[in-house]
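First to last, the sequence lines map onto chains P and R. Positions 91 to 348 (the working numbering) are the ones given, in order, by the first sequence. Positions 2 to 340 (the working numbering) are the ones given, in order, by the second sequence.
By construction, these hints were calculated from the structure, which means they are not laboratory data. Be aware that a few hints might be false.
A partial selection of chain P residues facing chain R, derived with a Cβ cut-off under 8 Å [stated by the list, open to error]:
# : residue
1 : R107
2 : H168
3 : R177
4 : L196
Partial list, computed: chain R residues near chain P (C-beta under 7 Å) [said to hold, decoys possible]:
#  : residue
5  : A204
6  : T213
7  : A214
8  : G216
9  : T220
10 : R315
11 : P319
Heads up, the beta-carbon is just placed ideally off N, CA and C, and yes, glycines get one too.
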Amino acid sequence: MNHGTQALVEVRDLTLRFGGVTALADVAFDVGDRQICGLVGPNGAGKSSLFNCVNGYYRPSGGSIRVGGVDVLSVPAHRMVRLGIARTFQHPTLQPDRTVLDNVLLGGHSTLSGTVLSAMLALPGERRRERALVTRARELLDSLGLAGVERTSAGDLPYGSQKRVEIARALLSGPRLLLLDEPASGLTHSEVGEVGELISRIRADHGLTVIVVEHHMGLISAVTDHVVALVSGRKVAEGTAQAVQSDPVVVSAYLGAA
Amino acid sequence: MSVVVDEPAVRDGGGTSRRRHGRTLTAVALVLVFAVFPLFMSPFANLQVTLILVYAVAILGLDILVGWTGQVSLGQSAFFGIGAYGVAAGAVHGWPVWAGLLLGTAVAGVVGCLVAIPAARLRGYALGMITLTLPVVAVPLAKRMEAVTGGAQGLNVTIVQAPAWTGLAADQWRYYVVGVGAAIVFALAAALRRGRFGRAFDAVRVNEALATAQGVHVTRYKVLAFTLSAVYGGVAGVLYVVAVQFISPETLILTLSISMLAGLAIGGLRSLLGCVLGAAFYVVVPNLTGSVSAGQSYLLYGVCLLVVMLLMPRGVAPALGHAVRRVANRRERAAASGE
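The whole structure should be built from the sequences, with the hints applied where relevant.
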């Protein structure tokens, strides 16, 4: 391992097949605790497939993924968030006619308890837990520069702000591992810079480990400690952003040259 | 991020509190109008309003499934029937009304849950087809099980009599009982929608991958929505028997399910007011069209439905809400420029 800390995420011999197509072949890498790991590669390289294996959405055909020592492949997808694994979506996936605050509160779903009946009767315990969650959600909105819009319908926000709401929602579950799916896609040049600062800041504030799938090499260079490059479902390079970007296999894969 | 902080949609200060004040006043006025209405109106008008509230509860149940969770059901009339027969059959056997209420809604919930467990794997047309079988089976079943249901004749019962001290006529007392019952189940649904369950149902509708990533077990929540929807259907059935003192197999036919879906679409999804408006459409418009032309009542009803949906594709309640917000915004702006 080229980073000194202990690994939080261990991916070993990961293979994913869809019928006859091999989306991932024997991919292996580690992500150190509180490190930011970038997944790069041309379209169809298997970045999203890998991302969706780590968040439990796809079940790989072989190999293992351990997060904090737990074999996540034996855990159903809806339990991942309780293991401290949260994700964002490439295209903001919000409830457009709910407020920004409501959208963020959804992220706290796994932290709340209570039955249908206690929710219908709005029992005191239910209301107290909800208030505590609202307080934490407001703090997150504040820290992400969204304080003024908590009552706005999420669908009315500009695209860049919607992506921030996604991050706030993911953070409200109190994750150890945050999976970011193309946080820079669709953003303006200055917004990309802001998102880069944001990622570094939330890593520090929340003690997070981050895996980020991203095409934007500027963002990758700015925030990652460690980059894994995929081409045609195989890991072709690994190391610092600078080293990976100058790797001849990576360069030829991007430019299409032999 | 300056882009965000300067959003014009930021609502703060006097406007919001003024609005909240206005909303409280409106609510108090509505409750007062509702409370004195039956004292001055004809028995027929009272029955109409009572029936609107009955169907509003059933449509609210459908809204939990369709509007909140994004599923579809043509089975709501069957759950309505289970609730109605539960309380009516109980009354025939001398049970108190609360026991019939418990029995009817519990059976509706259990049947709803049992149907939902396999149905939760389906969506769209397939789910519609499965739920279609519920009223198709329920109607002949109600006709055959004569010992319980009174067969094709149905059951006449006398329940929820006005106590003498109230001095109220039967129609007035039933109006209040159904009104209070509807208010309670509406309040329960509103509380459910505000909290984590309401958010989870929304997430299932918007995107199942999103719901899963938040820790929502999608299948479990679909089954839960279906069960709640059935329970609300059952409660509506109980209230129906309170209102009309009668239930027969003709009441739970598929047409009622379809009319409830139409009512939900007319009123508007995910709106408590929408459920009431949709129910009002279902109860009142056929009477109006029937008085215009008895022979072409259904044709005119269909035309009304089409016209409303064309003018307000998201339903009446969202259209009203939009109009009210526009007026309020204009007033606030005028007040702000005047200050």
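| Where does the structure disagree with the numbered hints, that is, which hint numbers, in rising order? | Result: hints 1, 9, 10 and 11 break, sorted rising.
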